[in-house]
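J.: So the chains spell out like this:
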Amino acid sequence: MSLRRTIPFLCVAAAGVVALVSFASSSLIGQARAPTGTQFPAAYRAPRLADGRPDLNGVWQAFVTANWNLEDHDAQPGPHPELTGAYGAGPGGQSVIEGNEIPYRPEALAKRNANFQNRLKVDVSNDKTWHALGDPEAKCYMPGVPRATYMPFPFQIVQGTSQYVLFAYEFTSATRIVRMNWQQEAPTDAWMGWSRGRWEGDTLVVDVTGQREETWFDRAGNYHSDALHVVERYTPASPYHMLYEATIEDPKVFTRPWKIRFPLYRRMETNVQLLEFKCVPFTEELLFGKFRKQAAR
Amino acid sequence: MRMALVILLMTTPALAHHAFNAEFDANKPIKFKGTVTKMLWVNPHAWIYVDVKKADGTVEEWMVETGTPNTLLRRGLTKESLKEGTEIVVDGYQSKDGSRRANGRDLTLPDGRTLFLGSSGTGAPYEKK
Amino acid sequence: MRHSLLFTVVGLALAAVVGLVMPTAGQGSKTGPAAKKYTAPKTPWGDPDLQGVWNDATSTPLERPANVGEKGVLSDEEAEEFQASLANELSRDRRDGGNAADVNRAYNEHWMDARRLKITADKRTSLIVDPVDGRIPVLANLSPERQKVRAVRAEGAKRFAAGLPDDYTDMSWPVRCVVRTDVPPYLPTIYNNNFQIFQSPGYVTIAPEMIHSARIIPMDGRPHLHKSLRQWLGDTRGRWDGSTLVIETTNFRADEGVLFQNANPATYKITERFTRVAADSINYEFTVEDPATWSRPWTALIPWNKVDPDEQMFEYACHEDNFDIVHFLTGARLREKKAER
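Residue numbers (the working numbering), protein chains in the order written: chain A, 8 to 304; chain B, 139 to 267; chain C, 8 to 348.
Okay, chain A solo, but in the shape it has when bound (with noise of 0.2 Å):
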């Protein structure tokens, strides 16, 4: 090439370098920084059946310390420290109720502080108050809905393109069928409550009735009467993630309805699989050691 037309094409190559360069500066100046911390990325659009509805197949686990408290709580003791050391001892964690607080009614709070100090007290000999003591959990009773999300064992969604999503919680292998746009009532109380469901877009909502009074939210003992409703809402965050919601309300016991929000992490592991925790024997001593045949003296 001659110089003559070099050196303006040596400029104009220049220039563009330069241009490049400010371009590039200015655009990881002007950038808008990747999304970090707690951002999901906006309208994820799940992966969907053939009904078109979204899949929300899986093993799922939730990592709050919600089954300690769902109020904000510092790290505590077990329940006995002179016996297991920092072994049961409870980690702290950040509420996750929107407003921070359970809206007790003033004269309901009382129970549940009762609740607490009564948490690992049973008593089974009288049929009448065989529930008045003890955390549910402790006596490997089915959780209920919410807290059997909340629990510190993976559960599984089953979903075809039927009427019927099958939740199956691992703790003990308790589990609940929700029942699609569905409008019986439910007959009778149960430990896992009754569930029909339905979509708002992308959005699994699970309307639950029918609970048993006797569980607990939580091991602090934050309780329900048997009027509690519950609303969950289960919505798919990323390939990985799925946001839960769920709306509690109960005028016996609550001023208002309350919501809890924190999110749900696919279990990634290779041919990862709910196990057993079968918990029946592990209680059996708790509840019916005393009522063994004394040796004779």
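Treat the hints as calculated values from the structure; they're not laboratory data.
Among these hints, one or two may not hold up.
[To be verified] Chain B stretches covered by chain C per the calculated footprint, using a threshold of three residues with CB under 8 Å from any CB of chain C: (1) 159-166; (2) 223-236; (3) 239-247.
Keep in mind it's a predicted model, so treat the numbers as computed, not measured.
Just so you know, even glycine gets a beta-carbon here, dropped at the ideal spot from N, CA and C.
Please arrange chains B and C on chain A, whose structure you already have, making use of the hints.
T.: What follows is chains B and C alone, placed relative to chain A:
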């Protein structure tokens, strides 16, 4: 000539139930009329609490053990199907330990109708979705 | 005889000596009109569709009754008589036979599953189809260790049957609400004979009503759990053989009294097959083998009948309100005290 049919025992340790005669006394049959105070629709056995008024006016509370409520639920009954205050007749056997507990061998209404036979009378036996 | 009273229909039938009669001569069963071959519908992802709520109750006994000889299938007339005799024997509304028999019949018939008074539609005399004599093969001799374990459990069962259990360990796993009809093979019982099958891509899930567990079965060929992991319901893997779901279960726990006839988990194998043979019927077939327990493998075939949408599953919580554990124990302590005086 007809031959007797003897059905072999089907040994299934995977599912064994308590022998009722281990808990309830064949020599202590009971039959009384009482008023239902509540029914627990629970598994493995539903329980009916019955107040029985004695001749001297005192009231005894009995607990009557029944079967699995799931069978009744499938026929359209609900926890509202036995109201507090209903009079029922309990025909059964008393607990061997002498407590006021019985297995409800035959439960009827005072007019002789079997309790919980059929659907609750709410019309269609099943509410379809 | 181990006296834990058995939930099964046949167990109850034997509680009283049976005086049923059956014709000894008779035609073999008439074959009905040739059945049109049924093609099961498929799920959107191409698997045979087994979904629904299914019921396996029947009065047909597991083993062919004695004195039936080699008759595997009954004529229409014989079948009617067989069914009527069984229904009469198994009925809970009967009050005859004395108080001792009566107390065990609790409760009324309408608390029970009405389908358990019907024999299978194919009029067989046993649920066992192999061996051809319809009987469980001869039991193998137990090792001394297993004999000892079994003897200890039998002692506890005896105390329990007498109404004097020492503690909760004298009671069976079903009474303690640890497992009930959810340990395979699935056998009919007196109520709640229901199973719901769910299907999702890559899985088939079977949920028995008692006790609320779900068997979520991967169909993707992944290996079983490592043998060091043991579960009450074992660990199941599935595959399709044409239209038949074939599942194999391993990794059972070694607790005595869980597996059928106390088979030895180390040598026990169970294979189950599910084939939808009609819109409202699945053939459930299981084959079990354990050289340490039976002299040869054996197979039973139990029809499952569709009951939804009219009938649904309901929660069967068990341990949560199992008051009877306390009744048995406090009752025993009270009676011991009275006997001491």
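J.: Any hints this thing doesn't respect? Which numbers, in order?
T.: As far as the earlier hints go, not one is violated by this structure.
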